[in-house]
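J.: Given the coordinates of chain H, work out where chain F should sit on it, guided by the hints.
Protein chains in written order, with full-length UniProt numbering: chain H, 1 to 605; chain F, 1 to 605.
Warning: the hint list may mix true and false statements.
Copies of the same chain look alike in the list, so a pair counts if it works inside one copy or between any two.
In silico SDA-like links for lysine to any residue, alpha-carbon gap of 20 Å or less [unchecked claim]:
#1 555 x 239
#2 397 x 439
#3 222 x 12
#4 271 x 281
#5 522 x 316
#6 86 x 110
#7 585 x 523
#8 118 x 505
#9 585 x 452
#10 137 x 197
#11 361 x 326
#12 593 x 581
#13 137 x 362
#14 160 x 268
#15 522 x 581
#16 157 x 169
#17 585 x 595
#18 434 x 270
#19 271 x 164
It is worth saying that the hints were derived from the structure and are not from the lab.
Number of protein chains: 2
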Amino acid sequence: MTIRMETMQGLHRTHGCGTISEQEVGKEVVLCGWVERRRDHGGLIFLDLRDRSGVVQVVASPDHNVESFHKAEDVRNEYVLCVRGKITKRDEAAINPNLPTGAYEMFCEELRVLNSAKTPPFYIQDDIDVDENIRLKYRYLDLRRPEMQRNLILRHKVTKAMRDFFDSRDFLEIETPMLTKSTPEGARDYLVPSRVNAGTFYALPQSPQIFKQILMVAGYEKYFQIVRCFRDEDLRADRQPEFTQLDLEMSFVDEEDIYSMLEEMIAHVFKTTLGKEIPLSMPRITWDEAMDKYGSDKPDLRFDMAFTDVTDLVKDTEFKVFRSVIDNGGVVKGIVVPGDAGIPRRELDDLVEYVNRYGAKGLAWACFNEDGSIKSQIMKFLGEDTIRNIGEKMGAKGGDLVLMIADKPATVARALGELRLEMARRMNMIDQDKLAFTWVTDFPMFEYNEDEKRYVAMHHPFTMPRHEDLDKLESDPGSVKAIAYDMVLNGVEIGGGSLRIYQSDVQEKVFKAIGLSEEEAKSKFGFMLDAFQYGAPPHAGCAFGLDRLVMLMAKRQSIRDVIAFPKTQSASDIMSQAPSEVEPKQLKELHIKPDIEEEEEQSLV
Amino acid sequence: MTIRMETMQGLHRTHGCGTISEQEVGKEVVLCGWVERRRDHGGLIFLDLRDRSGVVQVVASPDHNVESFHKAEDVRNEYVLCVRGKITKRDEAAINPNLPTGAYEMFCEELRVLNSAKTPPFYIQDDIDVDENIRLKYRYLDLRRPEMQRNLILRHKVTKAMRDFFDSRDFLEIETPMLTKSTPEGARDYLVPSRVNAGTFYALPQSPQIFKQILMVAGYEKYFQIVRCFRDEDLRADRQPEFTQLDLEMSFVDEEDIYSMLEEMIAHVFKTTLGKEIPLSMPRITWDEAMDKYGSDKPDLRFDMAFTDVTDLVKDTEFKVFRSVIDNGGVVKGIVVPGDAGIPRRELDDLVEYVNRYGAKGLAWACFNEDGSIKSQIMKFLGEDTIRNIGEKMGAKGGDLVLMIADKPATVARALGELRLEMARRMNMIDQDKLAFTWVTDFPMFEYNEDEKRYVAMHHPFTMPRHEDLDKLESDPGSVKAIAYDMVLNGVEIGGGSLRIYQSDVQEKVFKAIGLSEEEAKSKFGFMLDAFQYGAPPHAGCAFGLDRLVMLMAKRQSIRDVIAFPKTQSASDIMSQAPSEVEPKQLKELHIKPDIEEEEEQSLV
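Bound-form chain H, shown alone:
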């Protein structure tokens, strides 16, 4: 490199590049930033100088300042400059209408090269088509791109709006520990070996659940925190080993207080960050109804296409496939896809394959043509009358397609739920600008875990059962509903919570229902149970996934696009190369040694 690096000494930045306006015309300014583009034209050098505020055109001319001009000749993309000069108006013909500062430019009186730059491996611009691993490796360059900057700015604004909201409602943000006790109920913990207490471990929190409940016992009444949480699980597209949660808890409230508080919070956040009005009263749907109508506990309600149960209509049929399903406790449900009666046969075959992936053995279809005729692969088994009755019950009109699945209720829910989403996408029925919020309420208290042959808590074991179900905790745990709620936006669960158990006898019964002996409960949650004996108030709370919420607000497909330094699917940071090997001395001090099986070791080679 022929360029000598310079300092800013003696110069003081006066403006952001993107802030140059009519007001600065004729004035001398000092700008700093990165070279986005260099063009040589007509004996002048034009530099697009970019900083966080935007871009402005800087002109180096030998007539103005020869030294600056010569330095500008050596400047390349992403070089860091500090320039001094007067702002002038461009000629009418030279105005760039695509740039907010496009009517102005600066003629350099002084140009300093603060740093040089190697050629970036991808363009610093939106909508690049680059392997994500390359973006993650050079995250400092990826984060320079305007769309990534907008995402992180939005994220900052969202957390600021949340904090302003909760502060104005007398909530206190209280920090809870990161080095906590491992309580292996729930997901897998990240562990941290203790140096001082050989053979013991801290766990990174999966959520501050216990601490926030302790804070209610401690009388804080309104707590919130925007807090990092950790889960050592195999990663899916919308999961990260560390993620950020908006966590909150309130005392002396019921679920209605929680609903209205959170609806106001969401409305405030959307209004102040995106300028969008969210209606203050969100629709509600019970878990049973959501599963029944949409096959999902997080239904996407930007469109309806609800399920219709047609079991009744076909239960007396001779059609063996339906009959055997129904005789074995199964159901037959279907959806209407408006205007898709002309679907090609090949595409129907595709859809059969699609529902197979979700466990359904088959897919029945019926095309209700515009001319009143019907085409269906099961016509010969059910007869046209039955098909017409089905169409009528489902509200199918001429030109509509009916799709049906017959299977166990859980399989129908899953496969038909996925099919519903898929058809909406194919038919372009989803308004991308719509924000469909809903509360899903009355979750089951427990779900049966086939592996462990026991009931486990669906939310967590501190969730309050519905009052009227308390006496079924022992006799019929599977039927107990919880006072638990999720907030769903466009088919994504963005928050969830519940009323909590505050009476020791109820808590004991719940532990019993999930097969936790008194001793086990004591060793895992003993301090919490102790705390609850010293005057626990009724309380309730909620937690929101910040990453997911911001992702939806920014209209991104991946939470990695709204996290500055995310991990990959294999939980590693490609940029810093974490996790990494450490020095044996470090492990020795922590009283641990590697326990790697041979095959693993080989796979490491």
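T.: Just chain F now, with coordinates in the frame of chain H:
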């Protein structure tokens, strides 16, 4: 317990206990809270009901509601109640002037016992004299005490004020990872074994230093974060294994920009949370001067009592003790303790012992009595004239005590510095309401580590050396000063930072000076050095210890009093009993096993 637990169903809290005022008189309210005290008097039961907002008197009378009265008979301290009734004015004679709500009371129409409580192991009130371990074990009760509540409320307000300030200055709060790469330069890391990548480990961050510098390379220009950090060090009173830091970084600025930004931030925080005005221009003192005058790089400037160097006055003395010190490069320095000439001999002996603890072999003293006479244990060695000259140079007046230490400069600084603080405490010279801020500037770039026989970075290796010292990096590293600064409040370092190196060649020289080979530097900081090749701007930053700052603001002696759930000196959480043993299956999944030596194992039994 004879009391049946009840729910709030059908009742809705209308007020906080502490908010009851003239306005509520005659109105029916619903209150919730904890019973602070119960008194039976004249056939009535008086309950002090407490919630986060304060305390109000609730009266249960058989005339108003017999059922409530009977329930109230069974109520004990810390029971959780919900009460409904009318607010009335107390009789003039019954007004409690110590209680904000002392002119009012509520007569119960309805009383529900939401929860019972065991008798707490200590009183829920301020200034209790209870072993801290008991307080920590029952933290949920300790946190109910008003002073602890005030501390956490202050902490909430401080962080809110910081965020408001930085938001208004266009800073972005950007979250950095908690699962990072171990870089064993600095303190000891907490490690987190990786399950997915056998044999590798994450480290919990000691600070987001590298990530925030990467964010500057990424063009974010103004970053801040209130963030948890971790250091696995042996704990002192003001240290915790996990602590919270206000972290910030700016691009295209010099140290003056940082000073004025942070002075405004501190002024904003003190003004909005404590109503205190902090002058916008804090005094500055160089590290050399601070060490020279106060023997400390974090001088307590609530009082002066600066050192005077009297080496010159005694360098020709025959007094062997002084002579041999001076001949070996030592110095003689002293302080004047105003009005302490009458100090008893026994106390002087105490002081000798006191300075011994800090490495000084002896302490010379001279009492300048009101009557003009002098008493000194070294009078016979130095002669009265020399003692008078010393007194004159030091500005000692009649009635003052002069204390001197002769030793190596570092020992004099340390011992005399501690003595200065001790004398100020003994003489009650410290105004507890005073806020003495100062910047300490121009820190040495390196300090020599005797154990490792090499220079190590005093702040960290990314600190910018003073421009004029750059060419001494190789020839005389010990004399190189850094553009580094600490903010000190009342003798406590509350923040520190520096300009950062942004040019690769300077960075290489610094690594070399601390004995880091190119290869080592690459393996430890490779990704950062890579990033810096793609256009790193000049940048600077700072980090504040939030716990310490809030501790000083709350006038507490321990940071544990401003942390909701702190750890003990042995890094454990007494309440939740973390760290703890975990299940062998968990370790197996993480590819580690215990490595505990026999003697350790025995000590665990």
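J.: Are the hints correct? Go through all of them and say.
T.: Structure-based check of all given hints:
no. : hint      : result
1   : 555 x 239 : within (17 Å within a copy, 43 Å between copies)
2   : 397 x 439 : neither (31 Å within a copy, 78 Å between copies)
3   : 222 x 12  : between (46 Å within a copy, 16 Å between copies)
4   : 271 x 281 : within (15 Å within a copy, 39 Å between copies)
5   : 522 x 316 : neither (55 Å within a copy, 75 Å between copies)
6   : 86 x 110  : within (10 Å within a copy, 76 Å between copies)
7   : 585 x 523 : between (33 Å within a copy, 17 Å between copies)
8   : 118 x 505 : between (67 Å within a copy, 15 Å between copies)
9   : 585 x 452 : between (39 Å within a copy, 15 Å between copies)
10  : 137 x 197 : between (37 Å within a copy, 18 Å between copies)
11  : 361 x 326 : within (14 Å within a copy, 96 Å between copies)
12  : 593 x 581 : both (12 Å within a copy, 16 Å between copies)
13  : 137 x 362 : neither (44 Å within a copy, 60 Å between copies)
14  : 160 x 268 : both (11 Å within a copy, 18 Å between copies)
15  : 522 x 581 : between (37 Å within a copy, 15 Å between copies)
16  : 157 x 169 : both (18 Å within a copy, 13 Å between copies)
17  : 585 x 595 : both (16 Å within a copy, 12 Å between copies)
18  : 434 x 270 : within (13 Å within a copy, 44 Å between copies)
19  : 271 x 164 : both (13 Å within a copy, 18 Å between copies)
Hints 2, 5 and 13 from the earlier list are contradicted by this structure; the remaining hints agree with it.
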